[in-house]
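Read left to right, the sequence shown gives residues 2 to 180 (our numbering).
Because the hints were derived from the structure by calculation, they are not lab data.
None of these values were measured; they are calculated from a predicted model.
Be aware that one or more of the hints could be misleading.
Distance windows between CB atoms, simulated [stated by the list, open to error]:
#: 1; residue 1: Ala89; residue 2: Arg142; range: 32 to 38 angstroms
#: 2; residue 1: Val125; residue 2: Glu105; range: 41 to 47 angstroms
#: 3; residue 1: Lys51; residue 2: Tyr129; range: 31 to 37 angstroms
#: 4; residue 1: Arg64; residue 2: Asp92; range: 17 to 23 angstroms
#: 5; residue 1: Ile27; residue 2: Asn130; range: 22 to 28 angstroms
#: 6; residue 1: Arg174; residue 2: Lys51; range: 21 to 27 angstroms
#: 7; residue 1: Gln103; residue 2: Tyr128; range: 19 to 25 angstroms
#: 8; residue 1: Asn69; residue 2: Arg174; range: 27 to 33 angstroms
#: 9; residue 1: Tyr39; residue 2: Pro166; range: 29 to 35 angstroms
#: 10; residue 1: Gly147; residue 2: Lys13; range: 41 to 47 angstroms
#: 11; residue 1: Val87; residue 2: Phe146; range: 49 to 55 angstroms
#: 12; residue 1: Gly50; residue 2: Asp111; range: 45 to 51 angstroms
#: 13; residue 1: Gly81; residue 2: Gln136; range: 18 to 24 angstroms
#: 14; residue 1: Pro166; residue 2: Ala108; range: 25 to 31 angstroms
Even glycine gets a Cβ: it sits at the ideal position worked out from N, Cα and C.
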Amino acid sequence: MDTVRYKVRECKDQEKIDAFLKRTRIGYLGLADGNAPYVVPLNYVWMDGKLYFHGAGDGRRNRVMSENSEVCFTVCEEYGTIADPVPAKTDTAYMSVMLFGQAEPIADLDEATGVLQEMLNKYVPGYYNRPLSKQHVDKYRSAVFGGPVQVCRLVPRHITAKESPVMEGEMFRTGATER
């Protein structure tokens, strides 16, 4: 499996990677639809070393995953631009994580309900006054596509992470000029 080529940017701190994946809100699921790339932005949760996402029970994403379950899931967050008197050294402060593995639908209702509850806890903390019920998950049908929600799991075989940390005093601010 490929590793990070630019070693000075590689992050191997698993606690930092876990915290990043728990905090960030959008990731990009990369799939191979025959010879064509297909990337889908998704909400997700990171729990116990696994990544979970959900969506419609049918459609292109599910068809492609059923034909080739090998995926890459990428999460990236930009923190700003690092200014430098040398234009070629202007850079971006960021962190990114790429997870490689197989995505699979979850058939177990208890596990799917637990994952969806964690998604609610992440995206709308404290909004609901009671836990999500298995009955709701089991009986729910989308008004848009008419089918049930599908929850998927990605158990990564390989993870890479890169970062370019924020450099206090060197971050570009609108209106700033070269020193």
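| Okay, which hints does this one fail, numbers in order? | Violated hints: 1, 2, 3, 4, 6, 7, 8, 12, 13 and 14; rest satisfied.
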